[in-house]
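J.: Below, each chain spelled out in residue letters.
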Amino acid sequence: DAKTTQPNSMESNEEEPVHLPCNHSTISGTDYIHWYRQLPSQGPEYVIHGLTSNVNNRMASLAIAEDRKSSTLILHRATLRDAAVYYCIPRDGGTGGFKTIFGAGTRLFVKA
Amino acid sequence: NAGVMQNPRHLVRRRGQEARLRCSPMKGHSHVYWYRQLPEEGLKFMVYLQKENIIDESGMPKERFSAEFPKEGPSILRIQQVVRGDSAAYFCASSRSSGTGANVLTFGAGSRLTVL
Chain A
133 DAKTTQPNSM ESNEEEPVHL PCNHSTISGT DYIHWYRQLP SQGPEYVIHG
183 LTSNVNNRMA SLAIAEDRKS STLILHRATL RDAAVYYCIP RDGGTGGFKT
233 IFGAGTRLFV KA
Chain B
1069 NAGVMQNPRH LVRRRGQEAR LRCSPMKGHS HVYWYRQLPE EGLKFMVYLQ
1119 KENIIDESGM PKERFSAEFP KEGPSILRIQ QVVRGDSAAY FCASSRSSGT
1169 GANVLTFGAG SRLTVL
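If you read the sequences in order, they're chains A and B.
Residue numbers 133 to 244, in my numbering, belong to the letters of the first sequence in order.
Residue numbers 1069 to 1184, in my numbering, belong to the letters of the second sequence in order.
Incorrect hints may appear among the rest.
To be verified - Computed from the model, here is a short list of chain B residues facing chain A with C-beta under 8 Å:
{"#": "1", "residue": "Leu-1111"}
{"#": "2", "residue": "Leu-1173"}
{"#": "3", "residue": "Thr-1174"}
{"#": "4", "residue": "Gly-1176"}
Unchecked claim - Label-pair distances were calculated between CB atoms; the ranges are:
{"#": "5", "chain 1": "A", "residue 1": "Pro-172", "chain 2": "B", "residue 2": "Met-1073", "range": "16 to 26 Å"}
{"#": "6", "chain 1": "A", "residue 1": "Asn-188", "chain 2": "B", "residue 2": "Thr-1182", "range": "38 to 48 Å"}
{"#": "7", "chain 1": "B", "residue 1": "Ala-1170", "chain 2": "A", "residue 2": "Ser-157", "range": "13 to 23 Å"}
{"#": "8", "chain 1": "A", "residue 1": "Ala-197", "chain 2": "B", "residue 2": "Val-1151", "range": "39 to 49 Å"}
{"#": "9", "chain 1": "A", "residue 1": "Pro-149", "chain 2": "B", "residue 2": "Gln-1085", "range": "48 to 58 Å"}
{"#": "10", "chain 1": "B", "residue 1": "Lys-1130", "chain 2": "A", "residue 2": "Ala-195", "range": "39 to 49 Å"}
{"#": "11", "chain 1": "A", "residue 1": "Asn-186", "chain 2": "B", "residue 2": "Gln-1085", "range": "44 to 54 Å"}
{"#": "12", "chain 1": "B", "residue 1": "Glu-1109", "chain 2": "A", "residue 2": "Leu-212", "range": "22 to 32 Å"}
{"#": "13", "chain 1": "B", "residue 1": "Gly-1071", "chain 2": "A", "residue 2": "Ala-236", "range": "18 to 28 Å"}
{"#": "14", "chain 1": "B", "residue 1": "Ile-1123", "chain 2": "A", "residue 2": "Glu-177", "range": "16 to 26 Å"}
Stated by the list, open to error - Some chain A residues near chain B, calculated using beta-carbon distances under 8 Å:
{"#": "15", "residue": "Thr-162"}
{"#": "16", "residue": "Tyr-164"}
{"#": "17", "residue": "Gln-174"}
{"#": "18", "residue": "Glu-177"}
{"#": "19", "residue": "Tyr-178"}
{"#": "20", "residue": "Asp-224"}
{"#": "21", "residue": "Thr-232"}
{"#": "22", "residue": "Phe-234"}
{"#": "23", "residue": "Gly-235"}
{"#": "24", "residue": "Gly-237"}
In short, the hints are calculated from the structure, not lab data.
Ideal Cβ positions, reconstructed from N, Cα and C, are used throughout, including at glycine.
Let's have the full structure, built from the sequences with the hints guiding it.
T.: This is the structure:
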């Protein structure tokens, strides 16, 4: 499994953009990059994923470095509801993809 | 679409009793995963099942824990002779298939076990 490095915590002001970085220098060529988040006292929820190209959805954008050794999750306008732990997870595109391994993640604090 | 349903949401057991946690995957999903989250810690993979088969149980404690996903009905995580250290949130996730890293997991709200 590819190892990931994320900041333990980050802080943002409400209504401002947030860039959450993730290093995954040992990622393999077939690993997809997934992001999940876990709000307090809730189960994790899917945010976004990508392989090589940048991706956008209604929740966030995912910017993937050209060498794929790092990625950044972008929340365009943080709200108080976005306060959560964010997990960056490389997921094997081959047969081992089932074993989604969660690291420590980044705890995002959003100030009003 | 009801999503992944877990029950009970909260369960209290005394030491030595059995705990049974149930998980109904999303409609159309045939793959189930169980995770455990100890207080103030991260999510730890426990087991991955398909209908009637355990595919990977490398994260399951060797004793007292078992999981099943029968042909009919929900997946069940069973903990025998519970101890205080089993107190945790147990999350179930499901996916449509596992053959590609693009597959997305959908999680339930979790079952919180407290052992007195």
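J.: Against this structure, judge whether each hint is valid.
T.: Verification of the supplied hints:
1. Leu-1111: holds (4 Å)
2. Leu-1173: holds (6 Å)
3. Thr-1174: holds (7 Å)
4. Gly-1176: Since chain A brings a Cβ to about 6 Å from B/Gly-1176, closer than 8 Å, the hint holds.
5. A/Pro-172 x B/Met-1073: 16 to 26 Å: Since the Cβ atoms of A/Pro-172 and B/Met-1073 sit about 21 Å apart, the hinted range of 16 to 26 Å holds.
6. A/Asn-188 x B/Thr-1182: 38 to 48 Å: Check passed, 41 Å falls within 38 to 48 Å.
7. B/Ala-1170 x A/Ser-157: 13 to 23 Å: Holds, since B/Ala-1170 and A/Ser-157 (Cβ atoms, about 21 Å apart) stay within the stated range.
8. A/Ala-197 x B/Val-1151: 39 to 49 Å: About 45 Å separates the Cβ atoms of A/Ala-197 and B/Val-1151, which means 39 to 49 Å holds.
9. A/Pro-149 x B/Gln-1085: 48 to 58 Å: holds (50 Å)
10. B/Lys-1130 x A/Ala-195: 39 to 49 Å: holds (42 Å)
11. A/Asn-186 x B/Gln-1085: 44 to 54 Å: holds (51 Å)
12. B/Glu-1109 x A/Leu-212: 22 to 32 Å: holds (25 Å)
13. B/Gly-1071 x A/Ala-236: 18 to 28 Å: holds (26 Å)
14. B/Ile-1123 x A/Glu-177: 16 to 26 Å: holds (24 Å)
15. Thr-162: Given a least distance of 7 Å, the restraint on A/Thr-162 holds.
16. Tyr-164: With a closest approach of 4 Å, the A/Tyr-164 hint holds.
17. Gln-174: holds (6 Å)
18. Glu-177: holds (7 Å)
19. Tyr-178: holds (5 Å)
20. Asp-224: At about 5 Å, which falls below the 8 Å cut-off, the nearest Cβ of chain B leaves the hint on A/Asp-224 intact, so it holds.
21. Thr-232: Constraint on A/Thr-232 satisfied, holds at 6 Å.
22. Phe-234: For A/Phe-234, the interface hint holds, since the closest Cβ of chain B sits about 4 Å away, which is under 8 Å.
23. Gly-235: holds (7 Å)
24. Gly-237: It holds, given that the least Cβ distance between A/Gly-237 and chain B is near 7 Å, below 8 Å.
The structure meets every hint from the earlier list without exception.
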